[in-house]
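Chains as they are written, first to last, in the working numbering: chain A, 1 to 723; chain B, 1001 to 1151.
None of these hints come from the bench; they were simulated from the model. It is possible that part of the hints are untrue.
[Stated by the list, open to error] In silico SDA-like cross-links for lysine to any residue, where the CA-CA straight-line distance does not exceed 25 Å:
1) A:K607 with B:E1126
2) B:K1087 with A:D84
3) A:K607 with B:V1090
4) A:K253 with B:G1017
5) A:K605 with A:A575
6) A:K199 with B:P1079
7) A:K236 with A:A375
8) A:K199 with B:E1126
9) A:K199 with B:A1141
10) A:K607 with B:A1141
11) A:K192 with B:E1091
12) A:K55 with B:G1017
13) A:K199 with A:K607
14) B:K1087 with A:K253
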Amino acid sequence: MTTTFDVSRRGFVVGAATAGLALGFRLPFDDGAAHAQAGYPDEINAWVVVQPDEKVIIRIARSEMGQGTLTGLAQLVAEELECDWADVTTEYPTPATNLQRGRVWQSFSTGGSRGIRESHDYVRQGGAAAREMLIAAAAKDWGVAPGDCRAEKGVITHAGSGRSTTYGKVAKAAALLEVPANVPLKDPKDWKLAGKPVKRLDTAAKVVGRQVYGADLRLPGMLNAAIRQCPVFGGKLASFDAAAVQSMPGVRKVVTVDDNAVAVIAERWWQAKTALDELPVKWDEGANAQVSSASIAAFVEEGLTADQAFVGNQNGDAEAVIAKAVRKVEAVYAYPYQNHATMEPMNATAKWTEDRCEVWCPTQNGEAALAAAAAAAGLQPQQCDVHKLHLGGGFGRRGAFHDYVRQAVLIARHFPGTPVKLLWTREEDMTHGAYHPITQCKLTAALDENGDVTAFRVRIAGQSILAGVMPQRLNGGADPVTFQCYAPKGDHAISYSFPNLLVDHAMRNPHVPPGFWRGVNANQNTVYTECFIDEVAHAAGKDPLAFRLKLMANHPKNAAVLKAAAERAGWGGPAPAGVFRGLAQCTAFGSHIAACAEVSVTGGKLKIHRIVAATDCGHAVNPQQIEAQVEGSFVYGLSAMLYGECTVKDGRVEQQNFDTYQVMRIDEMPEVETIVMPSGGFWGGVGEPTIAVAAPAVLNAIFAATGKRIRRLPLMHHDLGTA
Amino acid sequence: MARINVNGNTVEVDADGATPLLWVLREHLEITGAKYGCGVAQCGACTVHVNGEAQRSCVLPLDAVAESDRIVTIEGLSPDGTHPVQKAWVELDVPQCGYCQTGMIMAAAALLARNPTPTDADIDAEITNICRCGTYRRVRAGIHLAASQKA
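So here's chain A without its partners, still in its complex pose (with noise of 0.2 Å):
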């Protein structure tokens, strides 16, 4: 009844294959166009692997969180391998053996939704060319042409003479073979496995409590550790008395790490939670316990009229034609602080000595989790590695941050060739992450005497997370990334063309630490955006869809999903008595995204009873996955329109758990009908976009139901039930 892990393999086989943020993190070690080969005959190439028995084990350098996929990435090296899928199990690949192979898998991380979008190229091109080499030594074998063979389902025939071997059966000739370069791809037209709702690779574990996550995660001999970390962003450990604690039960040491927290090690995790619980701890807190989420909203709020902005898209002169508008419609809008809350606590596992050093962990990146292994080890990267295990949700929390991998290798330094596990506490997940950025934002839009809209104007003001985060990828100071859904072209596009636009970003960067969440900054940018056309088009006394389709003349794959997504929900036609509609739109992570949302509002109580929505990612790999993240999208969007935020108080998070950081559960979930319409000709991704309509079309059918503009996110601070 014991999970046991196999430790000593170099991966881990995961049973079948995963989307994310652009986290753009980089080991300083250049990647490797060649295949190298030489030295791996247990291999067809380093995505293939085909044994005997005909198994086939394709490797997955992109992390599973839940998003799926490993499943849709192994669909695509299967499509282009014409195996068996039934023969297909899938392996992470650690990223010290990325470094030693020059990097030949490439980037590990998981984040902007660019687990597919950013790989599918090269992994459908690693199983092409694995391919050619299991048709080239049967034809070899046979003395014929390679070219006159074929291979499906893993079977390789020769039609001229009748002849047909396996995979399993030449797989140990075609190892030995070079990897051909640049194999023809599929036209995705003729794909046979990709582009179908083929079931997860991982479901199977998952439902019967056999999947280990980092939490799960056991070895012989390990001790476990319980983290306090000071309360206040920037503050400092200043004394701890362990005395106090060293003989309760199990405990073996009481450690500091960094100069920041307090660990204690014990036999058993709950030994040392409950040892933690009673250590008396002093914290020098610092300048920032001052702060609070007043005087961080009044910090922000200044940013709307200040003089010193970076411009992130601007065409015409919006200012001026504002300033002699016949008409002017002008909101503010707030958008709070978030925690990632992914429900697999943060953790990680550490074995070290003066040589090497070993890490199993959920992560995002399994080479940014290795950079912050060697670097808390005082090691290379090529002394130490990372054992990737499957994530209990990431959402952006595990891609750049691995604060959780380098405290448990500063504690595993104190027992040096002792495993020990590091988990964090609900509590100190909930005060200790990174938080999705908190903004406000003043919109004016100037209008003719006809009801167009002849001058918009966005000012953005608040944190950045490139500034908090990497700093280096600051451009002049300013952060492009908070021009998502703004910027003037590329993956988050601006989707509306504007005869006068500006917008730009005074950015006001508080304590509190900001990361990349689970959309980012589409967001609030799409709840101001959608809101605020919504308010704009009922200024003009216009219908909410039309006004923004003729906004759209210029970007018709945002019109043809808004178009869909209205049509299928009965944008124009009666609803049921009492139920209002909404709608929003945007591009986000390279797709666009559409949705339309259906509630009645009763008495002050907020039913949301459908929502559609139209997704088109250029190639769908797995639509019933694409589904099941549009699906999950709804619920993190609304989770954090309807409760989302983290207030600051004697600066911390006051949010200590699940009690106090409400989020959606069953009984709010709205019926989703989901429509994939892939236009082809680009590759974007799923995982997040989403999120980013699921609260403006909501916001803008209550608007329908109540007459009321929410402007000050989260919902739950609103009385909805007096008009």
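Given chain A, put chain B in place with the hints provided.
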């Protein structure tokens, strides 16, 4: 030394009586299907059955468990993953990250044991587990599917 019955086996546990059942299962018995999510009975990732009822094991102290109590974890729900709820979960590909799903399945199985054909309102009232990936739509469909296959 406490004696408790888990998945049909009576076992002795050398743990402080205040230790939550969740941590007895995970650390003393090495049964890790029940997960730690919150520790305050909010999220339900730790859900197990005690005498057939869904219980949040993170707040149930060992002292409160009698030897006669029948504790069932996800590992003991069926011998081979063929409980109707597990089959429905596979059929509909319900889990995403999966961390909450063992608790979700145990909550759903307890509901169905008591109420073989739950309505949506029954599900809303009884299934209060948190899933951050947002699998609720498929969880609901899975409960209905399991109910129809059981009937």
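Results of checking the hints against the structure:
1. A:K607 with B:E1126: holds (18 Å)
2. B:K1087 with A:D84: holds (24 Å)
3. A:K607 with B:V1090: violated (30 Å)
4. A:K253 with B:G1017: holds (23 Å)
5. A:K605 with A:A575: Given pair K605 of chain A, A575 of chain A holds - Cα atoms ~19 Å apart, limit 25 Å.
6. A:K199 with B:P1079: It holds: about 23 Å lies between the C-alpha atoms, which stays within 25 Å.
7. A:K236 with A:A375: Holds, at about 21 Å.
8. A:K199 with B:E1126: violated (28 Å)
9. A:K199 with B:A1141: Given pair K199 of chain A, A1141 of chain B holds - Cα atoms ~16 Å apart, limit 25 Å.
10. A:K607 with B:A1141: Holds, at about 20 Å.
11. A:K192 with B:E1091: holds (21 Å)
12. A:K55 with B:G1017: violated (48 Å)
13. A:K199 with A:K607: Measuring from Cα to Cα gives roughly 32 Å; hence the hint is violated.
14. B:K1087 with A:K253: Violated: K1087 of chain B and K253 of chain A sit about 46 Å apart, past 25 Å.
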